[in-house]
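Next come the chains, spelled out residue by residue.
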Amino acid sequence: MLSLIYTRRLRAAAVGLSVGALVLTGCSSGGGGGPEASEDSPSESAPEQAQIAFADAKASTGPAPEVPGATPGGTIRVLQRDSYSHLDPAQIYVSDEMSLATLIHRGLTGYRMNEDGTYAVVGDLATDSGQVSDGGRTWTYRLKDGIKWQDGTPITAQDVRHTFERQFAPFLTSGPTFVQQWLAGVNGAEFRNLLKDGPYQGKHLGNDVLETPNDSTVVFHFKDPQPDLPFALAMAGYSVVPKAKDTKQKYDRAPVASGPYKIADFKANKSMTLVKNPEWDPKTDVIRHQYVDKFAITFNHQYEDSSKRLLSDSGENKTAISFNNSVDAASLPKVLGDAEAKKRTVSGFQPYVGQFAMNMDRLKDKRVREAIAYALPIKSVLQPYGGPPSGQLAGGLISPTQAGYQKDYDPYDKLKKPEGDPARAKKVLEEAGKVGTKLTFAYVNTPEGQQYSVSVASALEKAGFDVQRKDLPADTYYDRIGTVDNGYDIYHHSWGADWPSASTVIPPLFDGRAIADGAKNYSHVNDPKINSEIDRIKKITDQKKAADAWFELNKYILEDVLPAVPTYYFKHVQLHGSKVGGVVFSDVVNGVDPTRLYVVR
Amino acid sequence: MLRFLVRRTLGAIVILLLISAFTFFLFYAVPRDPALLACGKNCDSESVALIRHNMGLDDPIPVQYWEYMSGIVTGRDFAAGSCPAPCLGYSFDDSAPVWDTLVDRFPTTLSLALGGGAVFLTVGLGAGLIAAWKRGTWVDKTFSSLSLVLSSMQIYFVGPLVLALLVYNNEILGQPSYVPFTENPVEWFSGLLIPWCVLSVIFTANYTRMARATMIEQLQEEHVRMARAKGMSGRTVFFRYAWRGSLIPIVTIFGVDMGSLFGGAIITEATFALPGLGTLAVDSVQELDLPMTMGVMLFAATMIVIFNIIVDATYALIDPRVRLS
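Protein chains in written order, with numbering that gives the first Met the number 0: chain A, 0 to 600; chain B, 0 to 324.
A portion of the hints provided could be inaccurate.
Pair ranges (Cβ atoms, derived) [as the list claims (entries may be wrong)]:
no.	chain 1	residue 1	chain 2	residue 2	range
1	A	577	B	185	55 to 61 Å
2	A	484	B	251	52 to 58 Å
3	A	152	B	31	28 to 34 Å
4	B	31	A	342	54 to 60 Å
5	A	303	B	83	34 to 40 Å
6	A	470	B	10	56 to 62 Å
7	B	21	A	528	54 to 60 Å
8	A	484	B	31	18 to 24 Å
Don't read these hints as lab results, they were simulated from the structure. Heads up, the beta-carbon is just placed ideally off N, CA and C, and yes, glycines get one too.
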């Protein structure tokens, strides 16, 4: 999903579903259905996206409200498929590492799940989600009292400065780059020119960019308004790193914890043990808990393996869980059909939206693209990946995990006719005089891809197209469709948000100025109105207004330009042992929220 | 003997060099870019170039190969981290030198191979000898057909079946796992018991059939007949005369099997999620972790080559007619 380059597993890349190790996502409302979710049916994300509030100091003050029924102590076994490639926060950008980061790292802001299952961006190390001034260009953060590193030294504004300055160093290449680009006032990799070697050669960011007037105050100065900063700072990638203990490259293997747990032992690809960090003070933290004594994480558990273990609920599997593994497609019917096992599941949305890109360089006539939109059987695309538990059919480009989502938005009647409407498509094609138009349809050569390609091709043929199917190997799928001169007309891909605003979805996919080999504008749409609207909406400081504007732009893109046809919003189901309590699906890490877990006595 | 060993070792080095070159060029020629994999979500061409440089991938492939090979002796420094000698590459996926991971993973594979080897050798040879001893009887027929059935089974079928029966549904045994012998010998044993037995299923059958066949063949040899004619007891003839002669082919396949197992029992390790060299190999290929893939390949190849030398040396011990010249 997303593009291959964000997945650590080649085969996962284009397969789409539930392949962990993906990019961080935004979060959303609705989420996991609240603290009691796992007690009854699998929790479901709420269908309508509520606006995520930027919380004030009161809502950012710890401790976090107790999880009902939680007791301290015990060990939870965590079955993970992929090992952690990175532990240095500045290198973290995939969802399994983000899950881990919620336990060991802290940043200026963070997401808190409210009692009603909605989310707020709160101050984590900072006293609130940020004080904005100068029309969104200046953001001020004050650090809480009593925040400490695992060695007991206090976390200071100098550490925060160091955290952001080191993000410019050339050896840190895997993390998010939003804040660096905003500070430098540029797009792309040239942000590094602002502080070429990071802070390691004695140079620092000027006070006109990043100001630390005292030990507890940090002020960001941006050239343009950056209304999404509290969202960006909540990314694990912007968690803090201690200036005095920064071991540069080596930090990636042995980071210093600021969260409730610290790493006692890590063997890549094998195991990791997390133990309580005694220097973490719950009074400073409104997001996390510290119930469990120890998390014993082991890797190499394929989804089939973890599903079988957890389904059996035998022996040590009773106190086991996986932060990120989904229930595998083959075990899904058994898990959801067994009342006892179903009680032990949680499910929710992932931030990815599947969509067919239509190559605008080749399909220049909008009526042809319209005919494709009517003809496509989106239900048949989801089916091979597991059907409804694995996704919700999509009408628009903005997913339920993002502000601005509208459930009933369905401009091409895809929700009413998910198997496609070839008759209507044919009519459109006939009116355009384009019956018999040749279409090269590229699909990923996996069992799932082969399956959906047949139904898609047949629906398009019924609509009057002359379809040529082209299978692409899974490991190079995204590279091939990401080439501007790819030679294909339509191809499926998916993309996920970094935070619950369409500002990290629409610009990368539909900004015409970003068409290049390897870029994400897979349909090569270059529409002046889309481009100018992106620039305008990015600067809107009012979240609600911005969400509405993104939705309107999504409407314009789909109805007036039509470069892509949405297929489904990704979901997944997770299972846990019967002695693990406090299991809630978090829309922030798109899986189980590790910070609330406890062992049931 | 010494001359033999020196000569074989030199030959082994040449073979390993060839394997390393072949593997290196093969894997580095794949049309995939590890730098792209490591590049964050909002990646662009400058970032990819930077990562490629950090990984040392911007040099021509022959230069990269030379640096790789010389790094084994001298160690290397990457922008992403340092890799002391013997540097078999630096895994950008694990942010660690390949050698450290190999050393960490080897004990799991070693435990699995030694325990599994002990089981399949004992059970396999035992059943084969009994079948040969009782040739033509129902015992022979039972063992022979059983070995045929077992050799048709696959670990990925037997493994989950055993897990379902003994672990998930009845909880007779605990979840298989690897605990170092030095940490807790009892847990080491109990954690690996199921993997040993399952791994042995396919191997045992081979040894049963091989032992039976070679024993029957040996029992028809003239020196055995002579011993019988001289009035030696059946047991002496069986174990001292026929048995010794039948050892050579068994040692050969045992050596090859152990060599392969020491390089990683991929399916068994994957079935039971054991962190050995086999799972490491699979993971590194899936994650396009080329340095790690190279490291595991070279390690596995070294094991096979070493065991081949051991097997050849063992021939001389078993059969004085074999000269090591």
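Does the Cβ-Cβ separation between residue 31(B) and residue 342(A) fall within 54 to 60 Å?
-> Cβ of residue 31(B) to Cβ of residue 342(A): about 43 Å, so the range 54 to 60 Å is violated.
Return holds or violated for the Cβ distance of residue 577(A) and residue 185(B) against the range 55 to 61 Å.
-> violated (27 Å)
Range hint compliance [Cβ, residue 484(A) to residue 251(B), 52 to 58 Å] | Taking Cβ atoms as reference, residue 484(A) and residue 251(B) lie about 56 Å apart, which means the hint holds.
Taking 56 to 62 Å as the hint, is the beta-carbon distance of residue 470(A) and residue 10(B) inside that range?
-> violated (45 Å)
Evaluate the given range 54 to 60 Å for the C-beta pair formed by residue 21(B) and residue 528(A).
-> holds (55 Å)
Cβ-Cβ distance between residue 303(A) and residue 83(B): within 34 to 40 Å?
-> holds (38 Å)
Does the hinted range 28 to 34 Å hold for residue 152(A) and residue 31(B) at CB?
-> Once the Cβ atoms are compared, 43 Å apart, the range 28 to 34 Å for residue 31(B) and residue 152(A) is violated.
Taking 18 to 24 Å as the hint, is the beta-carbon distance of residue 484(A) and residue 31(B) inside that range?
-> Cβ of residue 484(A) to Cβ of residue 31(B): about 20 Å, so the range 18 to 24 Å holds.
Hint violations for this structure: numbers 1, 3, 4 and 6, all remaining hints satisfied.
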